[in-house]
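J.: Here is what each chain is made of, one letter per residue.
Number of protein chains: 2
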Amino acid sequence: MSDTELDQMTAEDAGELDEDDRLKPEFVRAVLDAVEVGDVERARELVEPLHPADIADLFELTGHENRPRLAHALHDLVDADVFAEMNDYVREDLIDALEPQEVAELAAELDTDDAVAIIEDLDADDQREVLRAMEPDDRAAIEEALSYPEESAGRLMQRELIAVPEHWTVGDAIDYLRRNDDLTTDFWEIFVVDQRHKPIGTLQLSWLLRTPRGIAIADVMKREQTLIPVDMDQEEVALRFQKYALISAAVVDTSGRLVGMITVDDIVHIVQAEAGEDALLLSGAGDGDINEPIRSTVRTRLTWLLINLPTAMIAATIVGLFDERIAKFAVLAQLMGIVSGMGGNAGTQTLAVVVRAIATNQLTSSNTARMIFRELRIAASNGTALGLLVGAGAYVWFGNSSLAIVFGLALFINNIVAGLAGVLVPVTLDRMDVDPAVASSVFVTTCTDSLGFFTFLGLAALWGLGG
Amino acid sequence: MSDTELDQMTAEDAGELDEDDRLKPEFVRAVLDAVEVGDVERARELVEPLHPADIADLFELTGHENRPRLAHALHDLVDADVFAEMNDYVREDLIDALEPQEVAELAAELDTDDAVAIIEDLDADDQREVLRAMEPDDRAAIEEALSYPEESAGRLMQRELIAVPEHWTVGDAIDYLRRNDDLTTDFWEIFVVDQRHKPIGTLQLSWLLRTPRGIAIADVMKREQTLIPVDMDQEEVALRFQKYALISAAVVDTSGRLVGMITVDDIVHIVQAEAGEDALLLSGAGDGDINEPIRSTVRTRLTWLLINLPTAMIAATIVGLFDERIAKFAVLAQLMGIVSGMGGNAGTQTLAVVVRAIATNQLTSSNTARMIFRELRIAASNGTALGLLVGAGAYVWFGNSSLAIVFGLALFINNIVAGLAGVLVPVTLDRMDVDPAVASSVFVTTCTDSLGFFTFLGLAALWGLGG
Numbered sequence: 001m002s003d004t005e006l007d008q009m010t011a012e013d014a015g016e017l018d019e020d021d022r023l024k025p026e027f028v029r030a031v032l033d034a035v036e037v038g039d040v041e042r043a044r045e046l047v048e049p050l051h052p053a054d055i056a057d058l059f060e061l062t063g064h065e066n067r068p069r070l071a072h073a074l075h076d077l078v079d080a081d082v083f084a085e086m087n088d089y090v091r092e093d094l095i096d097a098l099e100p101q102e103v104a105e106l107a108a109e110l111d112t113d114d115a116v117a118i119i120e121d122l123d124a125d126d127q128r129e130v131l132r133a134m135e136p137d138d139r140a141a142i143e144e145a146l147s148y149p150e151e152s153a154g155r156l157m158q159r160e161l162i163a164v165p166e167h168w169t170v171g172d173a174i175d176y177l178r179r180n181d182d183l184t185t186d187f188w189e190i191f192v193v194d195q196r197h198k199p200i201g202t203l204q205l206s207w208l209l210r211t212p213r214g215i216a217i218a219d220v221m222k223r224e225q226t227l228i229p230v231d232m233d234q235e236e237v238a239l240r241f242q243k244y245a246l247i248s249a250a251v252v253d254t255s256g257r258l259v260g261m262i263t264v265d266d267i268v269h270i271v272q273a274e275a276g277e278d279a280l281l282l283s284g285a286g287d288g289d290i291n292e293p294i295r296s297t298v299r300t301r302l303t304w305l306l307i308n309l310p311t312a313m314i315a316a317t318i319v320g321l322f323d324e325r326i327a328k329f330a331v332l333a334q335l336m337g338i339v340s341g342m343g344g345n346a347g348t349q350t351l352a353v354v355v356r357a358i359a360t361n362q363l364t365s366s367n368t369a370r371m372i373f374r375e376l377r378i379a380a381s382n383g384t385a386l387g388l389l390v391g392a393g394a395y396v397w398f399g400n401s402s403l404a405i406v407f408g409l410a411l412f413i414n415n416i417v418a419g420l421a422g423v424l425v426p427v428t429l430d431r432m433d434v435d436p437a438v439a440s441s442v443f444v445t446t447c448t449d450s451l452g453f454f455t456f457l458g459l460a461a462l463w464g465l466g467g
Numbered sequence: 001m002s003d004t005e006l007d008q009m010t011a012e013d014a015g016e017l018d019e020d021d022r023l024k025p026e027f028v029r030a031v032l033d034a035v036e037v038g039d040v041e042r043a044r045e046l047v048e049p050l051h052p053a054d055i056a057d058l059f060e061l062t063g064h065e066n067r068p069r070l071a072h073a074l075h076d077l078v079d080a081d082v083f084a085e086m087n088d089y090v091r092e093d094l095i096d097a098l099e100p101q102e103v104a105e106l107a108a109e110l111d112t113d114d115a116v117a118i119i120e121d122l123d124a125d126d127q128r129e130v131l132r133a134m135e136p137d138d139r140a141a142i143e144e145a146l147s148y149p150e151e152s153a154g155r156l157m158q159r160e161l162i163a164v165p166e167h168w169t170v171g172d173a174i175d176y177l178r179r180n181d182d183l184t185t186d187f188w189e190i191f192v193v194d195q196r197h198k199p200i201g202t203l204q205l206s207w208l209l210r211t212p213r214g215i216a217i218a219d220v221m222k223r224e225q226t227l228i229p230v231d232m233d234q235e236e237v238a239l240r241f242q243k244y245a246l247i248s249a250a251v252v253d254t255s256g257r258l259v260g261m262i263t264v265d266d267i268v269h270i271v272q273a274e275a276g277e278d279a280l281l282l283s284g285a286g287d288g289d290i291n292e293p294i295r296s297t298v299r300t301r302l303t304w305l306l307i308n309l310p311t312a313m314i315a316a317t318i319v320g321l322f323d324e325r326i327a328k329f330a331v332l333a334q335l336m337g338i339v340s341g342m343g344g345n346a347g348t349q350t351l352a353v354v355v356r357a358i359a360t361n362q363l364t365s366s367n368t369a370r371m372i373f374r375e376l377r378i379a380a381s382n383g384t385a386l387g388l389l390v391g392a393g394a395y396v397w398f399g400n401s402s403l404a405i406v407f408g409l410a411l412f413i414n415n416i417v418a419g420l421a422g423v424l425v426p427v428t429l430d431r432m433d434v435d436p437a438v439a440s441s442v443f444v445t446t447c448t449d450s451l452g453f454f455t456f457l458g459l460a461a462l463w464g465l466g467g
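Chains as they are written, first to last, in full-length UniProt numbering: chain A, 1 to 467; chain B, 1 to 467.
Facing chain B, according to a computed beta carbon distance under 10 Å, are these residues of chain A, among others:
id : residue
1  : 53
2  : 60
3  : 207
4  : 224
5  : 238
6  : 240
7  : 272
8  : 280
9  : 332
10 : 335
11 : 340
12 : 362
13 : 390
These are calculated hints, taken from the structure and not from any lab test.
All residues carry an ideal CB built from backbone N, CA and C; glycine is no exception.
Excised from the complex, chain A in its bound form:
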């Protein structure tokens, strides 16, 4: 095999993808142009060599209005694997155009977890129809999965797994795998179960391969294993995979019986989604999916802005208390925004760190006190530096030493407020079982804005500025 041929094996060099594994805009354009002029042959020729994940990307990069047409042109290239890789909203666009029978056929080709991902998003009527069109076995598996809460291990797991009894030998297990063609091929470990189908150990395939056939499974299996309760939230499942570096894990029902398996490739998506959602939730952008229908995005974002409006109004009311003083000394209006804004920036920093530490289980009740103390020290350092700097700046600019002192002092105090609120708000929300990423920033902003104005204008009043 020549170097050139070898190079072609990496998707990157195949011509359709740029160096970041993204489809090149020229390529997307070429496919869409071909579809537009009705040259289905050409479009299929371009898309055929793509990996299912890239075909899914092609649909995501195509505007909402052109997706059904593209799907029509490429129909048999858009198989179950492509649907499994597709963004939820984009998939919905396409699934909506299919008959229940067609959806049922797609779902039948997939592992339970991928089939569930497609079917769970359908509305109740469509769901019923699709399930009715499926084979009884597949249907039962999916109905059971749907009986578990959304985003739980029960929805994530696949039923297809290899379980062997503890009294077998390594040879028995290998023969069983060789002889049964209808077993799943996507597995990395086999599970050892007792007579009541409760998992008692796991065996990595590399161990199975390297152990003599006569040895008892029970003697080589790893007895310590991480079991996932079927109703565990997917975020916790992901943290557990991460913490214990798992490749696959057994899912057990409430009586401890093995009911499914979760593999790490499904977890990577969840880790990505859960870790990335902090920035989105903190900003009130919901799940921030760029494929979400615009009306639903507007609703999510507007709700958040409306929730923040009272915060802004409280701050405005506080400013209103000092109306007359501002009228006499308008410089106060100029500087007050710096106090609240810099406090807001400092509060956002602390908040981002604390929310992340809570989400990754690094901040627990064992170290909360240490964390508060740490943030206070940081706030005091930064507040001192900034307070001195802006105070000096104000003195040079306005030549008013009282103003300089009030300004610098207010900035210092607002930094402390920001540091305290940045820790206490998310920690308190977390103890109340409210997601700190969703709700914290309104409260922290309220503190830094309102108290920032109040401290600055209040100190100005005490010092008799503009009085």
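Dock chain B against chain A, hints included.
T.: Same frame as chain A, but now just chain B:
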């Protein structure tokens, strides 16, 4: 095995962990108390049953000042696996206290990637000493890894892998694995290479197990595979693993030769870190590690606040332009913060969504125009709703229709500014190869603050408010 015994196998029920797999505060307290009163026996008894990842957590939950003492008490329980699981800063605390010879021994027990993670953080002198104390083979492997850029595939990969020639049969491969005891056991796929050691295919172990011995490897291996260039950035490696649902992948040097393997369990940590850093970078909190020495945290955060200071000053200067108007009509000072603040909130929403879409390769030049249009529509909807609402509110509150119109209109305009800046700033930075998560928010805030004040106060001037 009874139910009770089975239950004990899951870490959660073992008593030290809470339902989120975090060490219970009572447990941490008990260990530290035992260490404090010198009851080393008791401390070791408590810690012994823990998973290495939990022992690492124990150190993270312990204050900086108590870590060396804890390490001393638990010394032989803190093995290479525990070090591999530990937060970088906490590990440094402990490694600093060790002799180079001890560090070398620790590193020798680990796979290349974990050993590199420990050694790369040492300062140059210590690094040299540790390397000198290692066996020549290990040393060569680590020196080579260190020759690759930080956060590249070359640092992440392990050298321990299974590669077989294409002319072998399945039986040859199985015998090879059985007969060579010193091969790695942590592998999930084997790589098939040509005579120049270039990878030409992969074979999942489940396939190897289920294929008759006489079949040629070349006939069952998967020829399409994703190769990772040794100098690829870890963020791109993570996206590639995710996109193609990889369990392991071959790393190749510039001439296409197989030099290492990356497995998904190492990738999960990177996905978590890279996806989670958006919220931290957007807020200017650096890597946001709660174990970072406080001085370095202060420096990172203060730098960010100082960068934001000119933004606040520009906004203040704009307010200053309208000094006299504000002095005559102080209500303007009260409301201007609402215009800038609500614009800031809307801008932050758009920014969070766009930064995330760029980081996950969802926003490319193929759909940028569509994204800008989408955000404009959202901004227009939200701006209209909010503008009407606050305009009506201001009319009721102040009974001044000109003020109401100016206020509502300014809020509408600032929403549009926020939506545009929220897309254009990160997209432009990304094209200039600047990380949009790091630098965007200063520019967006400058737009929403300064233009918010300018629009509101400027419109007020045009309408003759306070004139």
